[in-house]
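Undergrad: Given chain A's structure and the hints, the job is docking chain B onto it.
Chains as they are written, first to last, in the numbering used here: chain A, 1 to 405; chain B, 1 to 258.
One or more hints might be untrue.
Simulated pairs of lysine to aspartate or glutamate, EDC-like, Cα-Cα distance not exceeding 20 Å [said to hold, decoys possible]:
(1) B:K209 - B:E137
(2) B:K209 - A:D71
(3) B:K34 - B:D44
(4) B:K209 - A:D199
(5) B:K209 - B:E189
(6) B:K34 - B:D46
(7) B:K38 - A:D199
(8) B:K38 - B:D56
(9) B:K38 - B:E48
(10) B:K34 - A:D199
(11) B:K38 - B:E28
(12) B:K34 - B:E232
These are calculated hints, taken from the structure and not from any lab test.
This structure is a prediction, so every number in the text was calculated from the model and none was measured.
Spelled out from the first residue to the last, the chains are:
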Amino acid sequence: MSTLDHVADSKPRPAGHDEPLAATRPIRVRLVRTLTAFGVLAVVTCLLAPLVGSAPISLARVFDRSIPFSDNVDAQIFFVARMPRIFAAALVGAALATAGVVFQALLRNALATPFTLGVSAGASLGAMLAIAFGAVVTAGPFSAVPLASLAGAAIAAGIVYRLATMQDRAMSTTVLLLAGVTLNSFFSALILFVQYIADFAQVYRATRWIMGDLDVGSFEPIVAALPMMVIAFAIFAWITSSLNLLSVGADAAAARGVDVGRTQRLAFISASLATAAAVSLAGPIGFIGIVVPHLVRLMVGVDHRVVLPASALFGASFLVVCDLGARTLLAPLEIPVGVITAMLGGPFFLWLLVRKGLSGSSVSRSFWAASVPSRRSRVRPRPGASCRWCRPSRRCCSPSVPGLR
Amino acid sequence: MSLVPALTEMLFALGAGPQVVAVSSYDEFPPEVKSLPKVGALLDPDMERILSLRPDLVIVYGSQTDLQAQLARAGIRVFNYRHAGLAGVFNTLRELGSAVGRAEAGDRLAGEIRGRLDALQARVRGRPRPRTLLVFERDPASLRGVYVSGGVGFLHDMLEIAGGVNVFADVARESVQPSIETMLARAPEVILEVRATGLLAPTDIADAKRAWGALASVPAVQRGRILILNGEHMVVPGPRVVQGTEAFARALHPDAFK
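Looking at chain A on its own, in the form it has when it is part of the complex:
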């Protein structure tokens, strides 16, 4: 097995995946550089986005304290309509993009998305049931539909998790993938059934929910979803190094002292939590979880310690910009934001496919070849030289494979 050969010829190290100081420095520099660039992008996007909208407003009036807030239309548009929306877009974009990265690493599959494992189908079924049967249950800051979608997501994730961990301690990614995809189809069938028996207006509302909507109208739903996202992000931050090793292979990761079972469980739970929170807040907005991670990898390489935070920031900017299009392009009508992300994401993905060599397998190969030197790349290029899988100046083919140095 090539990965093990590769591990074997690196110097044996004590258990744990802490990097020696010499190797840490470049990653730190890259991390700082990347985060600065993406951070500036995200901040600029979030600052500019509230200035644009379907209704023209005057900034001077927005911050004019002499007009009472309840009479100040401009301030209301700014603070009630636009700000919560932009916050929601940034959070959901960050959550879906990072969940995409983690699922891709966990499943070792470049085509995995936050919605691959049935979490969003479960959430959609929950929301659909709440809409169709007019549920009015609320709990704290949660209203009925988000609550039902969270419950649906939890049930779906629970089933997949149970199935994947039944055999032994480590998760079987094959079972995970198969169970997730099957559950997706199963829930989709149930959704169709509920749609069929529900009333016309409710079917329309439910269909609209599935297209995604960020017009949350207040900070309350954001506050409700935020704790889940924060927990998920904290776990992401904790497991990044292990994810590098895990994406190479469970055996290789275990050989390097990673508790594979625990990392897999944490990755699955945290990514599901982020997905569920995002979906409960804004509906299942597609394509972010796959487009953003790939775009970010093209720009910064494959090291999860860089890719994860960069994806969070880039995902936030991406969704804020998409939502800006959603609320302005056809104003006063709105384009569902999920339609915009898909319209941008679909062509982008095809472009990626063509650019990378005209076949799906080569996309995933290029994705993993970067982290796993395959048989073909056994003869390594000189450090710093470019190879057929990456552009010049990328480090992925130099002997700095993340976590395997």
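TA: Here is chain B on its own, set in the frame of chain A:
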């Protein structure tokens, strides 16, 4: 046989009630339809059931082209319904009248409804016409999933007759899903919510006021002019549009009805 609830109502209003052998699964008015067989609706017409009841005429939606073709093959006459504002209600009444051999009744009923609507319009004429947001769908307890009437369709026409100005009249669609931002920018003076089903509980008004309270700068919110009307007749473009329009007018201009 009718697959369109609004046209079932028209059939009964035309006095063709006894000839109706079956209705759609959504039909609830007049009460007589409750005992009639149900043969599906827009998305799920039950062809076997329809054929087994041997109708002479089946009223279908214009978009049900497969069903129309099937019925044509079976040699059954079809009345093709297309949804088209309040004027469409009069035309449909006349056409339906001649289709069931009651052309005179159709003309008379259409004229009568027209006359009553004109009377309503005259009653509120000259009064200030409030800029109104006509909401027909909203998620409970929040301002998400709000659907309002655009500048076409019978709800818009009813609002105009009842002496209101639709704030989304410039959008040439029956339904609009406005963002919070557009609702704030359009600043309606009255928010009129119509609900098809359910009884209006006293708490509903308070709940609605709480939900809309988020848009404090909207004149309707400031003046507490958030009105809720409920009843199926509000949302069915049948002969009961008169009652619906009168309810709109009474809500918008309570003084005119004292």
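Undergrad: It remains to establish, for every hint, whether it holds in the given structure.
TA: Structure-based check of each hint:
1. Under the criterion of a C-alpha separation no larger than 20 Å, the hint pairing K209 of chain B with E137 of chain B is consistent with the structure, at around 15 Å.
2. Simply put, K209 of chain B and D71 of chain A have alpha-carbon atoms about 17 Å apart, close enough for the 20 Å limit, and the pair holds.
3. Distance check on the hinted pair: K34 of chain B and D44 of chain B sit about 19 Å apart at the alpha-carbon level, within 20 Å; holds.
4. Taking the CA atoms of K209 of chain B and D199 of chain A, the gap is near 26 Å; set against the 20 Å cutoff, the hint is violated.
5. Distance check on the hinted pair: K209 of chain B and E189 of chain B sit about 14 Å apart at the alpha-carbon level, within 20 Å; holds.
6. Distance check on the hinted pair: K34 of chain B and D46 of chain B sit about 18 Å apart at the alpha-carbon level, within 20 Å; holds.
7. A C-alpha spacing of about 16 Å is found between K38 of chain B and D199 of chain A, which places the hinted pair at or below 20 Å, so the restraint holds.
8. For the proposed pair K38 of chain B and D56 of chain B, the alpha carbon gap of about 17 Å is at most 20 Å, so the pair holds.
9. Pair hint K38 of chain B plus E48 of chain B holds up; C-alpha atoms about 12 Å apart against a cutoff of 20 Å.
10. About 18 Å separates the Cα atoms of K34 of chain B and D199 of chain A, which keeps this hinted pair within 20 Å; it holds.
11. Proposed proximity of K38 of chain B and E28 of chain B is supported: the alpha carbons are some 11 Å apart, at most 20 Å.
12. Restraint check: the Cα-Cα separation between K34 of chain B and E232 of chain B comes to about 15 Å, which is no more than 20 Å; the hinted pair holds.
The structure fails to meet hint 4 from the earlier list, while all remaining hints are met.
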